[in-house]
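There are 2 protein chains.
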Amino acid sequence: MNIVTTLSVNEKKQNDLMSLFKNEAFHFFSNAVEPTGELKEADVVVTYGDDITPEMIKIAEKLKWIMVMSAGVDKLPFQEIKKRNILVTNVRGIHKIPMAEYTMGMMLQVSKHLQQVTEQEKSHEWKRLSMNELYQKNVCIIGVGAIGGQIAKLCKAFGMNTYGINTSGKEVEFVDEVGTMDRLEEFLAHADFVVSILPSTQDTKYLLTKRHFQLMQETSIFINIGRGDVIQESVLLEVLNEKLIGHAILDVFENEPLAKDHPFWGMDNVTVTPHISSITSRYLPRAFAIFEENLRTFKSGGKTLINQVNVDRGY
Amino acid sequence: MNIVTTLSVNEKKQNDLMSLFKNEAFHFFSNAVEPTGELKEADVVVTYGDDITPEMIKIAEKLKWIMVMSAGVDKLPFQEIKKRNILVTNVRGIHKIPMAEYTMGMMLQVSKHLQQVTEQEKSHEWKRLSMNELYQKNVCIIGVGAIGGQIAKLCKAFGMNTYGINTSGKEVEFVDEVGTMDRLEEFLAHADFVVSILPSTQDTKYLLTKRHFQLMQETSIFINIGRGDVIQESVLLEVLNEKLIGHAILDVFENEPLAKDHPFWGMDNVTVTPHISSITSRYLPRAFAIFEENLRTFKSGGKTLINQVNVDRGY
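Protein chains in written order, with UniProt numbering: chain D, 1 to 315; chain H, 1 to 315.
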């Protein structure tokens, strides 16, 4: 079996994989452009999911399985994939710990004015500013699944009140109140923190509008760790220029990487991070653990791989 | 009854107090130097506890109760207080929420390289660095009481392993393993985070030595939110210059404010904060709630005030 990777895998891990799966031929690349010849023979492609074009699917005429080492699969050419009946799996589930830690880190950074504390430190200034607390604050989590549930768990430990939106409105552990989209406005109106973890789908694109931010408090903090297109960037810019809310922490954008001259970079009420909320030193080990288990199943002709993506639904 | 405050109380709160306790005479000052005349007549002094001198106790010949709006009472002139049998109460217990939040904020700031993320943001640099996780890391809490217990609670929610030192060795909720001082070295050897919350007493002064830091890992992070004199500052400086550990987060110092030319300010492996771990917008409201309840008891001749300090023990 020919396995092509389009993400960089360090030498140690390459050797691990080759010794774990002695009968398979691994072709390690660090991007999807180089391996044209190898793609033609590939049975499996391992990718972050943002580099696969419709043309590549055509070239990879033997391709049966795409292992996406990410949760977002919105960049995949689903039409071609569906036509060919190619299996798609992702690594959803491994994001919840790092992304929840990132979220709490950012909530605390803003609430505790830690950037200001750092500035004072740089000028050797001993000035006792007063911080805010997370305790008893309200958080509204839009898209409360595995990741949102982990955020809710941490928020509850901090004594926060948790509200969540999902498609079913069904109860979620650690979320005080769960509703479907029709309760979003109600939840937003009293939220101190609003966290969007929505993937990019037809239903979620531009789902948030200016009106939603008008409903929030002047001090509310918006955190986007889902996908950038949950709100039109020009609208979010308006919201922030008009200071409808207190602060936005943006890890995802409509166009990534964020252009060097984008106004978000320089705004006092915006924190920009380069789509890193899930990236920790433990990300790839966890992702490869899923890949390896799936590869064993796939080799033995097993039908149910971990985290199979519904190709019709797109997630 | 004459009540003298030596900390600034805003006008709204002054009016609240005067209307709550109509029969008492309040004398509001923002320091302990001004109210010489008033001190002579004072029955009660409300203070942060770091401004009361032996001379002031002598002047305040009617003084019966010192309400310390802080947890640390180590700066009080206990000899004079004991001689006169003056009651001392503090506000221990109200620190646990802000101090635990500060601690998690700092653990996340260092683990997630958030200062570096901010630097990149300033130069509009989209560079995806890899962060670390708190998940499954070990924390050793030296002095695990109310505050340490709250830190342990949060650490457990993050999936960390918690170890704690206290004087009894008795179990504490959310602490996986509790020991007395004789287990400190064992706990330190595998701790990723070491948090000292020790007060300053005869037993804790210079309790930590270079040897303790030699036992820690090169990557360990030391967080001091207790009192600065738990380690001699010159020794800590040596430890950090020799990079025996990864990072120190220092909120307390042997001499505060930290001198403008102190080397700690400029060190890459040190984060200095100006003794703010407990200061949030909710600090004074909580502290006054305790004072008000105690004042009611005190007025009615009640004997047991909240948080009475053992004058012999000094805490």
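The hints are simulated quantities; they were obtained by calculation from the structure and are not laboratory data.
None of these values were measured; they are calculated from a predicted model.
A few of these clues could be false.
The list makes no distinction among identical chains, and a pair is therefore deemed to hold if it is satisfied within one copy or across any two copies.
To be verified - Subject to a maximum C-alpha distance of 30 angstroms in a straight line, what follows is the list of computed DSS-like cross-link-like pairs (lysine-lysine):
| # | residue 1 | residue 2 |
| --- | --- | --- |
| 1 | Lys127 | Lys96 |
| 2 | Lys22 | Lys12 |
| 3 | Lys170 | Lys243 |
| 4 | Lys260 | Lys170 |
| 5 | Lys122 | Lys260 |
| 6 | Lys83 | Lys137 |
| 7 | Lys137 | Lys13 |
| 8 | Lys127 | Lys13 |
| 9 | Lys210 | Lys62 |
| 10 | Lys22 | Lys210 |
| 11 | Lys156 | Lys40 |
| 12 | Lys13 | Lys260 |
| 13 | Lys127 | Lys12 |
| 14 | Lys170 | Lys64 |
| 15 | Lys58 | Lys75 |
| 16 | Lys13 | Lys205 |
| 17 | Lys205 | Lys96 |
| 18 | Lys205 | Lys170 |
| 19 | Lys64 | Lys82 |
| 20 | Lys12 | Lys82 |
Outcome of the hint check:
1. In this homomeric assembly, Lys127 and Lys96 come within 30 angstroms of each other (Cα to Cα) only across copies, at 22 angstroms, whereas the closest approach inside a single copy is 37 angstroms.
2. Taking the closest pair of Cα atoms, Lys22 and Lys12 come within 30 angstroms of each other only inside a single copy of the chain (15 angstroms); across copies the shortest separation is 76 angstroms, beyond that limit.
3. Taking the shortest Cα distances, Lys170 and Lys243 never come within 30 angstroms of each other, neither inside one copy (34 angstroms) nor across copies (51 angstroms).
4. In this assembly of identical chains, Lys260 and Lys170 lie within 30 angstroms of each other by CA distance neither inside one copy nor across copies; the values are 42 angstroms within and 56 angstroms between.
5. In this homomeric assembly, Lys122 and Lys260 come within 30 angstroms of each other (Cα to Cα) both inside a single copy, at 26 angstroms, and across copies, at 11 angstroms.
6. Proximity of Lys83 to Lys137 under the C-alpha cut-off of 30 angstroms is found in neither arrangement, the shortest distances being 48 angstroms within a copy and 46 angstroms between copies.
7. For the homomeric pair Lys137 and Lys13, the shortest alpha-carbon distance between copies (23 angstroms) is at most 30 angstroms, but the shortest distance inside one copy (43 angstroms) is not.
8. Taking the shortest Cα distances, Lys127 and Lys13 sit within 30 angstroms of each other only across copies (23 angstroms), while inside one copy they are farther apart (48 angstroms).
9. Neither within a single protomer nor between protomers do Lys210 and Lys62 lie at most 30 angstroms apart by alpha-carbon distance, with minima of 47 angstroms and 63 angstroms respectively.
10. Taking the shortest Cα distances, Lys22 and Lys210 never come within 30 angstroms of each other, neither inside one copy (55 angstroms) nor across copies (50 angstroms).
11. For a Cα distance limit of 30 angstroms, the shortest separation of Lys156 from Lys40 qualifies neither inside one copy, at 51 angstroms, nor across copies, at 49 angstroms.
12. Proximity of Lys13 and Lys260 under a CA criterion of 30 angstroms is satisfied in neither setting, with 34 angstroms inside one chain copy and 48 angstroms between copies.
13. Taking the shortest alpha-carbon separations for Lys127 and Lys12, only the inter-copy value of 24 angstroms comes in at or below 30 angstroms, while the best intra-copy value is 48 angstroms.
14. Proximity of Lys170 and Lys64 under a CA criterion of 30 angstroms is satisfied in neither setting, with 35 angstroms inside one chain copy and 59 angstroms between copies.
15. When the C-alpha separation of Lys58 and Lys75 is checked against a cutoff of 30 angstroms, the pair qualifies only within one copy, where the shortest distance is 16 angstroms, while the shortest distance between copies is 77 angstroms.
16. Taking the shortest alpha-carbon separations for Lys13 and Lys205, neither the intra-copy value of 37 angstroms nor the inter-copy value of 49 angstroms comes in at or below 30 angstroms.
17. For a Cα distance limit of 30 angstroms, the shortest separation of Lys205 from Lys96 inside one copy, 22 angstroms, qualifies, whereas the shortest one across copies, 42 angstroms, does not.
18. Within a single copy, Lys205 and Lys170 get their C-alpha atoms as close as 23 angstroms, which meets the 30 angstroms cut-off; across copies the closest is 54 angstroms, which misses it.
19. For the homomeric pair Lys64 and Lys82, the shortest alpha-carbon distance inside one copy (11 angstroms) is at most 30 angstroms, but the shortest distance between copies (83 angstroms) is not.
20. For the homomeric pair Lys12 and Lys82, neither the shortest alpha-carbon distance inside one copy (35 angstroms) nor that between copies (67 angstroms) is at most 30 angstroms.
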